[in-house]
Amino acid sequence: MPRAGTITSVTSDLEQGTNQDDTRASIRERLAGQHVLLTGVTGFVGEALLHLLLTEVPDVRLSVLVRPKGSISGAERIAKMLAKPIFETVADAEVNVVEGDLSDPPALPGDLDAVVHSAGDVSFDPPVDEGFITNVVGVRELLRRIEETGRDVHYLHVSTAYVSGRRRGHIPEGPVDHSVDVEAELAWGLAQRAAVEERSRSVEVISKLRKQAEREHGRAGMMTAAAAAEEARKQWVKKELVRLGTERARSLGWTDCYTFTKALGERVVEGYAATGRRATIYRPAIIESSLARPYPGWIEGFKMAEPLILAYGRGELPLFPAAADTTADIVPVDHVVASIVACLAHPPEPGKPAYFHLASGDRNPLTFGMLYESVRAYFEKEPFAAGDRGAARLPEWTFQGGASVERLMATGEKVHKIADTLLGLAPRSDRTRGWARDLDRQGRRLQFLRRYLDLYKEYAQADLRFVDTNTLSLYRSLSPADQETFAFDTAVIDWHAYLHDIHVPSVTKPVRDLDELRKLRKRPVAGALPQVSASSTTEGTGSAADGGRVAAFFDLDGTLMSSNVIETYLWLRLGELSGTAKAAEIARVAGKVPKYVWADRAERSTLLRTVYREYAGARLSDLDELVDEHLTTHILGRLAPDAVRRIREHRAAGHVTVLVTGAIRPLTRPLMPLFDHIEAADLAIDDRGVCTGHLSASPLVGESRGAFVREWTRREGISPADCFAYADSHSDLPLLAAVGRPVAVRPDVPLFRHAKRSHWTIVDWESPAHATRTLDPAGRH
Amino acid sequence: MTRPGFVLEVDDRTPPLLVHEGLGFRLEEFPQGTRVIYPPESLPTVPDVEEAIRESLENPVDSEPLRELMFPGMRLTIAFDDLSLPLPTMKAPDIRGRIIEQVLTIAAEKGVDDVEIIAALALHRRMTDAEMRHIVGERVFRSFAPSGKLYNHDAEDRSNLEHMGQTEKGEDVEINKRAATSDLLIYVNVNLVAMDGGHKSVGIGLASYKSIKHHHNAKTMVHSRSFMDHKHSEMHSSAWRMGRLIGEHVKVFQIETTLDNEVFGKPYDTLLKREWEWSLRDQATVLGLRRGLAVAPQKMRHKMFHDLRSNYGLTGITAGAVEPVHELTVQRVHQQQRVKVEGQSDVMVMGVPYLGPYNVNSTMNPILAACMGLGYYFNSYLRQPVVREGGVAILYHPLDEGFNTLTHPSYVDFYEEVLADTTDPALIGPKFEEQFATDPWYVHLYRTSNAYHGVHPFYMWYWIAHALDHLGDVIWVGGNPKAAARMGFRSASTLRDALEMASSTVGPSPSITYLRNPPHLLADVR
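Which chain is which? The protein sequence lines are D and L, in order.
Residue numbering for the first sequence follows my numbering, beginning at 1 and increasing consecutively.
Residue numbering for the second sequence follows my numbering, beginning at 782 and increasing consecutively.
If you're looking for bench data, these hints aren't it; they were derived computationally from the structure.
A few of these clues could be false.
[To be verified] Straight-line alpha carbon distances no greater than 20 Å define the calculated EDC-like cross-link-like pairs of lysine to aspartate or glutamate that follow: (1) L:930 x D:629; (2) L:1212 x D:649; (3) L:991 x L:1015; (4) D:457 x D:316; (5) L:991 x L:949; (6) D:457 x D:325; (7) D:84 x D:513; (8) L:1263 x D:642; (9) L:1054 x L:790; (10) D:381 x D:396; (11) L:1263 x D:766; (12) D:417 x D:216; (13) D:519 x D:382; (14) L:1080 x D:766; (15) D:457 x D:396; (16) D:457 x D:306; (17) D:211 x D:230; (18) L:1263 x D:764.
[As the list claims (entries may be wrong)] Some residues of chain D that are not near chain L, with every Cβ distance over 12 Å (derived): (19) 110; (20) 177; (21) 410; (22) 477; (23) 481; (24) 494; (25) 665.
[What the hints assert, rightly or not] Partner residues aside, some chain L positions facing chain D, computed with beta carbon under 8 Å: (26) 1187; (27) 1193; (28) 1222; (29) 1226; (30) 1231.
Glycine residues also receive a C-beta, built at the ideal position from the N, C-alpha and C atoms.
Generate coordinates for the entire structure from the input sequences, incorporating the hints supplied.
Structure representation (structure tokens):
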């Protein structure tokens, strides 16, 4: 049986060492002059491995297979990595870079002695096809290239201890017992992308996505909705591929697509070994920061437990689905790479693959209870300063178990959804935006929790004991000097000391540094606007960075002033009327309000058309006069002072200022001196100069605003990327999106959310409170 | 017989005293020993206003009767004080309208048909039609406004300004062209306080920025001690020089009126009475008002106060040559408002009410509140300030009304840009004034909308230059701390706290004087 074979191969190797007794060849000697190729050196384990080999095994010749990233070549990526402080002592080390991608690896150097394959997606929930490509196809292709070299190459495959799937109890260091048809699953997995893409275009799926997008974004125009629908379809494809991978994995007894494809990858390696080649399958448990090398607590990027630790420290992880006595099988990265090097130095017999577990749970278990106590003790001693409100409150875990956690989560999600629906119906105000902000923060927390709980539930509830007999034998066979240099006996770890003094301080450090930086940085003024231009003080020439002109687009209703079309219509009409006629008009409009409100929710242009219908029969010149006589004061009185100052700043900087509005042109008359160009709705008139109640062209709302900006800037020779736009409503999204510097002004909730997501500036230009005091168009006192 | 003004010394029998603070008031218990200055009660008014006007026009001082100054075919211009006077706006009919009607009657009788009527608003905001109609009366408005013969002075209309030369001190004199080129310029004034009137009427009311800037600046204002006393005011000296130069070019016939102290009509007249004399009814009124104000939203309080109309009565009217007329006017103003005060005190307390000259039908923004307290009330003295040099001014105002963008657009920017940079009146002028004064948007708003001129907030800050120079500290009770700090002041929540804060400047037991204003008073400090 393979298991017995493995042990034989190792012990035979070890016996050699024992025979030589104190003259045991050191790892360094064993690897001297060998040519080793590493993959995945830009990853956490790869980097640590490279560091260990460079510092402790200098006589080994190293090649690394690196994928170019964007315009950065593989060689540049390695040069950049070697410039890091931990590589300082070996800065002049020679590393041969083989450029190439694992999905289609290039020909390998002809004189290779060993290959360590530690590349691979570590995401637990990759789309199914990507999981197969990385973990199965990649391995197969790499092995094919190794076979091409025609040499006796020792292939060391870094897998994961969790390939054992949803088993329970002791897991031996041997092949995973399953009878899955690798080729059939691979063919299925690779075909899924095309199949799901196909399915995503089916009427049922796209019409549902489109309807939802139109419900949410319809006011901003159909193109915005279409873009959202397509984006939603892509997301759907991705989610579906992830779901398929997880479902298939679980149906075969694995936790997720990652461990499933990893297990199939091992089968590929075993097949390779069966052809009379040397292969080691190496399975670490959960890899965390280093215990001693290159320094205690060294870690790159965030691994599995870090987001949870940080979230706990911030008081944002109120519960966890594990039991207090379940093992959290953690190993430090320096133990991992040291054991890899030891394995490398002790190749198995050809045709008999060796298996090694690097785990801690069997001999030195760390339970979730201990983990929790240590992390909590650390944060009690060194709390995160949550902003300027003192230490965050640390949640107390009761380890209630998966079911009650699931119930809590489900309730939370339901409440969130209801609140979100209610928010969508609430009128726009500072308070609504505040609610939206809180709700979104809660939503993000819930999503975070949901994602991590789903991902880790399997691991947190896995009662697995990875037996590490082979690894321990290997360790004991090393000379005392090597045992010190290449330490990997996980039984020596004092978990509380490791977590409390090394790991958690290390992973929280970047966050603390960032907090520190934030504190040093001058607190940004709420809603601080970016400078109009760097040169605005020096009598602006109106030039962008590249010398071109700059334009600033402003929306009128809600942005520059507090009003809406219904109100402006009323002002205009009431000016002409008096006494009972006025009361009648107010009553008539009030009667229509639900309709108007409905129109406002549906689409802006519909609302505008509904209101402008009321102008039928008015003489245009009378309207102009009416505005000049009665409305100038009302319009100017309602202008937000900050808005006016901003417009004037743009002008002072030499920018072109443009007013874009769905309001009718007469209403913009008082603002004419502020703008170089006013794009407003024109009322259609007949040959007597009387309004017909229609517009002479479609009102400029939603998508047409974006189109206007693009066309207008093209005609004026202005680059939209240098331009500013200011608007308040979701329907203005196309206007804002058309320029490089969008600013959301007192946004409604959908725009507020979009602006938050897109990191747009959000400002609060308040119209003077007293301006809304009376609706007295005649201006009588 | 009218009771004269007097100085009360607070003792254990003194009830809490009324202190105005913006759109509200409070009853404050002052420390014992505090001096409280009460103005004289209202003087008797003239028995027959129409008769008094006729009498003044027919028997002017140092001038032929008005009738004899008129002749057919002449250019006649009538200018009048704008809505910044009186405060609050008086109940219709406004005294200016009644005077203008009589003047127009005489003009008609004399066959004068080239008549124009100009609101002498200098760099103040244009008045709305409604406001104009209120001052001149329905009949005059309807006869003149539609044909464009009744209008607001436009200090930015270059084609309608006349440069008349420079005074011996090199001050430009530039006023409204129509007024400057008239055969007769009649000015109808309301002399609410001692600083109004005289050569200030035409010389400033009809002038342009170019002319006004010679006396409206920090240097002149610091040396106007006080500008309620024109013989000791640099600003008035300048205006007087200009006025005399104007007099050489155009015949000015000045009509000045003085009012009694009936600042509020019923039922708010209680607020004018001395607190220990409040009847049960008065006490009930005050209680009701306070309860109402406490729960009313700001908008409603604003409306409540700004809808108040004053009950002013005419105490006298004088017409004729500017200077002798003004002498008589000032005498009457003093008679109504002057209170003798013995010596200065360490601390001066003032309650800034809801209304000043520049926020009629608008809002009392922080800058206007500062100007009202430290500009007007502080300067309401003859001889020397009520508070000693290095003393402390304690003012009451919430400083929370915000800016009216229609009437005070440049104030917002002044507050955000200028005061954020410096609050020193001497520094803001050279650094920022020109830019604000010539800004095309402000000019546009001043000329076409109802906005104060771009430079106007600077004048507010110059008004307080003398106070800032004289005082050791300024503390606002109940003032918005942010607004107070922006203006370079401090704020306290109670008088006790304010006195505690002041103790570092004036010691733990300072002498305190409270100006019980309104009604208007002028402290004659010996």
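task: Sort out whether residue 306 of chain D lies within 20 Å of residue 457 of chain D, counting only the CA atoms.
output: 16 Å, holds
- prompt: Is residue 177 of chain D truly not at the interface, in the sense that its beta carbon sits beyond 12 Å from all beta carbons of chain L?
  reply: The assertion about residue 177 of chain D holds, with a minimum of 73 Å to chain L.
query: Does the alpha-carbon distance linking residue 519 of chain D and residue 382 of chain D stay inside the 20 Å limit?
result: 17 Å, holds
query: Between residue 1054 of chain L and residue 790 of chain L, does the CA-CA distance stay at or below 20 Å?
result: Status holds; Cα separation ~17 Å.
- request: Quick one: work out the minimum CB distance from residue 410 of chain D to chain L and report holds if it exceeds 12 Å, violated otherwise.
  value: 44 Å, holds
query: Are all C-beta atoms of chain L more than 12 Å from that of residue 110 of chain D?
result: Answer for residue 110 of chain D: holds, closest chain L Cβ roughly 73 Å.
message: Please verify whether residue 1263 of chain L and residue 764 of chain D have alpha carbons no more than 20 Å apart.
response: 18 Å, holds
- prompt: Are the Cα positions of residue 457 of chain D and residue 325 of chain D separated by 20 Å at most?
  reply: 15 Å, holds
message: Quick check on residue 1222 of chain L please, does its C-beta sit within 8 Å of some C-beta on chain D?
response: Cβ of residue 1222 of chain L sits 6 Å from chain D, so the hint holds.
message: Next pair to validate is residue 1263 of chain L with residue 766 of chain D; report whether the Cα-Cα distance is within 20 Å.
response: Measuring from Cα to Cα gives roughly 17 Å; hence the hint holds.
- request: Mind checking the alpha carbons of residue 1263 of chain L and residue 642 of chain D for me, to see if they're no more than 20 Å apart?
  value: Given pair residue 1263 of chain L, residue 642 of chain D holds - Cα atoms ~18 Å apart, limit 20 Å.
task: Could you check if residue 1187 of chain L really has its C-beta closer than 8 Å to a C-beta on chain D?
output: 3 Å, holds
In the structure shown, no violation is registered for any of the earlier numbered hints.
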